[in-house]
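**Q** So the chains spell out like this:
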Amino acid sequence: MKKKFWLVTVAAMTAIALGMGGTMALFSDSATGQSDFIAGTLCIQAERNDGEAVPGPMFYVTPQQGETPLGIPGQYPTGLWAPGDEHQRTLTVSNPASCSSMNAWLESVEASLQAGSDADLADKLYVEITTPQLGVEKKVAEGWLSDFLSGPVAMSYPDGSRIPLYLTSNRHLKFNVLFDITADNSFQGKELVVDFTVHAIQMDNNP
Amino acid sequence: MLAKRISMSLLAIAMVSLVVSASSFALFSAQSGNANNTFTAGTVTLGTPMTDFATVNNIAPGDSGSKSYSIEYTGSLDAWIGLDVSTSGDLMTCDGGGRFATSLTDGVNTFSGNANDQVVGVYAQGQVLNLTLNWGLDLNAGNDCQGDGATVSLMVKAVQHRNNINGAGTGPISWS
Numbered sequence: 001m002k003k004k005f006w007l008v009t010v011a012a013m014t015a016i017a018l019g020m021g022g023t024m025a026l027f028s029d030s031a032t033g034q035s036d037f038i039a040g041t042l043c044i045q046a047e048r049n050d051g052e053a054v055p056g057p058m059f060y061v062t063p064q065q066g067e068t069p070l071g072i073p074g075q076y077p078t079g080l081w082a083p084g085d086e087h088q089r090t091l092t093v094s095n096p097a098s099c100s101s102m103n104a105w106l107e108s109v110e111a112s113l114q115a116g117s118d119a120d121l122a123d124k125l126y127v128e129i130t131t132p133q134l135g136v137e138k139k140v141a142e143g144w145l146s147d148f149l150s151g152p153v154a155m156s157y158p159d160g161s162r163i164p165l166y167l168t169s170n171r172h173l174k175f176n177v178l179f180d181i182t183a184d185n186s187f188q189g190k191e192l193v194v195d196f197t198v199h200a201i202q203m204d205n206n207p
Numbered sequence: 001m002l003a004k005r006i007s008m009s010l011l012a013i014a015m016v017s018l019v020v021s022a023s024s025f026a027l028f029s030a031q032s033g034n035a036n037n038t039f040t041a042g043t044v045t046l047g048t049p050m051t052d053f054a055t056v057n058n059i060a061p062g063d064s065g066s067k068s069y070s071i072e073y074t075g076s077l078d079a080w081i082g083l084d085v086s087t088s089g090d091l092m093t094c095d096g097g098g099r100f101a102t103s104l105t106d107g108v109n110t111f112s113g114n115a116n117d118q119v120v121g122v123y124a125q126g127q128v129l130n131l132t133l134n135w136g137l138d139l140n141a142g143n144d145c146q147g148d149g150a151t152v153s154l155m156v157k158a159v160q161h162r163n164n165i166n167g168a169g170t171g172p173i174s175w176s
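Protein chains in written order, with the working numbering: chain P, 1 to 207; chain D, 1 to 176.
Just so you know, the hints here were simulated from the structure itself, not pulled from any lab data.
Positions of the beta carbon are idealized from the N, C-alpha and C atoms, including for glycine.
Please note: incorrect hints may appear among the correct ones.
Claimed, not checked - Restraint ranges, calculated between C-beta atoms of paired labels, are given here:
(1) D:Gly121 - P:Asp195: 39 to 47 Å
(2) D:Ala124 - P:Gln64: 19 to 27 Å
(3) P:Ser161 - D:Val119: 46 to 54 Å
(4) D:Ala101 - P:Glu86: 45 to 53 Å
(5) P:Ser98 - D:Ala124: 46 to 54 Å
(6) D:Leu27 - P:Ser161: 14 to 22 Å
(7) D:Ala101 - P:Asp184: 49 to 57 Å
(8) P:Glu86 - D:Asn114: 13 to 21 Å
(9) D:Val108 - P:Asp159: 52 to 60 Å
(10) P:Asp184 - D:Thr132: 27 to 35 Å
(11) D:Ala60 - P:Asp120: 57 to 65 Å
Unchecked claim - Straight-line alpha carbon distances no greater than 25 Å define the calculated SDA-like cross-link-like pairs of lysine to any residue that follow:
(12) P:Lys138 - D:Asp78
(13) P:Lys190 - D:Gln127
(14) P:Lys174 - D:Ala35
(15) P:Lys139 - D:Gln31
(16) P:Lys139 - D:Gly33
(17) P:Lys174 - D:Ser32
(18) P:Lys190 - D:Asp78
(19) P:Lys190 - D:Thr74
Please build the complete structure, drawing on both the sequences and the hints.
**A** This is the structure:
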């Protein structure tokens, strides 16, 4: 009977202690595993690069047409084009870590025509694009400007290999434009304005 | 019930296939460019003649004179200016020929009265070509020349200078 009394007393005290905020110290532990999946980004940037202020067009007839948004005139105007004229300008394409996180292939170049342009002049302007391969300048795309206006013109080295643009690197694309010597008088005074666009695609998992 | 399960399975397979098919083309890409590239062709043009040759009547043996001709080069590209000149008519051949003589000059050079593709020089926009046609009928011209006439035909032409220079640098490779 006495034993039963003590058991009831201990149980009652324990219940009171817990009710008053007492703790029972049980050993425990836990761990969480977190997996984050963040898609990378690919972005490229392009600027003319013939030693003059940027941004601005590569090809322009007058210094005013080639000026930057801050009003710095272009230094290398082509002047008016005559049949047989040929001019080369450089576009440097970069793959900056500030907005990109992966290597890329340069895939193609296309052009778009601005309103009011004489589109038929594009049939007489031949475009060649070159870029170095192992230190040697190689032709990677060519065609009449009208071909570039029709859609992207693929770029690849003469051996068929693709053109890399590694993360944080840049690449010089030289645009050589020739005004066909056979252009007749119907092309006199004609003008066109085009925007060139370079396309790139991820290199990883895309041999 | 079985048919429903089969159709659900087929639908699921179809959806998976669609996802796999679509994802195989979804590669990250980017683009950048260069805007406002301007290409403007120049021009090669001649203005309206400012003065013109005119008819001379009642020429007598011993008469001589001159007529002037001027034209402005208005093209935006520098150009070769050239002359095609021809002379015809009975007055050129009467009394044995050579009684009526002409010469054409720009003040510096003298040009043939019967030759094409004669180079005057390289002209820039706004420059004016002034030509003078000198003529004379020999005082010894006989009656065979009475009533005869002669016509001097002159064509001034221009062609682009750049990318069109002959090996000697004296004229164009081609006039057209």
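**Q** Could one say that the CB atoms of P:Ser161 and D:Val119 fall in the range 46 to 54 Å?
**A** holds (52 Å)
**Q** Please test the hint of 57 to 65 Å on the beta carbon pair from D:Ala60 and P:Asp120.
**A** holds (58 Å)
**Q** Mind checking the alpha carbons of P:Lys190 and D:Thr74 for me, to see if they're no more than 25 Å apart?
**A** Given that 25 Å is the threshold and the Cα spacing comes to 16 Å, the pair holds.
**Q** 13 to 21 Å was suggested as the range; check whether the CB atoms of P:Glu86 and D:Asn114 agree with it.
**A** violated (39 Å)
**Q** Can you confirm whether the C-alpha distance between P:Lys174 and D:Ser32 stays at or below 25 Å?
**A** holds (15 Å)
**Q** Does the Cβ distance between D:Ala124 and P:Gln64 fall inside 19 to 27 Å?
**A** Hint holds: Cβ distance 21 Å, inside 19 to 27 Å.
**Q** Is it true that the CA of P:Lys174 sits at most 25 Å from the CA of D:Ala35?
**A** Holds, at roughly 16 Å.
**Q** Between the alpha carbons of P:Lys139 and D:Gly33, is the straight-line distance 25 Å or under?
**A** holds (19 Å)
**Q** Do the beta carbons of D:Leu27 and P:Ser161 sit within 14 to 22 Å of each other?
**A** Given a distance of about 18 Å, which is inside 14 to 22 Å, the answer is holds.
**Q** Do the Cβ positions of P:Asp184 and D:Thr132 conform to the proposed distance bound of 27 to 35 Å?
**A** At roughly 33 Å between Cβ atoms, D:Thr132 and P:Asp184 fall inside 27 to 35 Å, so the hint holds.
**Q** Honestly, do D:Gly121 and P:Asp195 meet the 39 to 47 Å range at C-beta?
**A** holds (41 Å)
**Q** Kindly confirm whether 49 to 57 Å is satisfied by the beta carbon distance between D:Ala101 and P:Asp184.
**A** For P:Asp184 against D:Ala101, whose Cβ atoms are near 39 Å apart, the range 49 to 57 Å is violated.
Against the hints set out earlier in the document, violations occur for numbers 7, 8 and 12.
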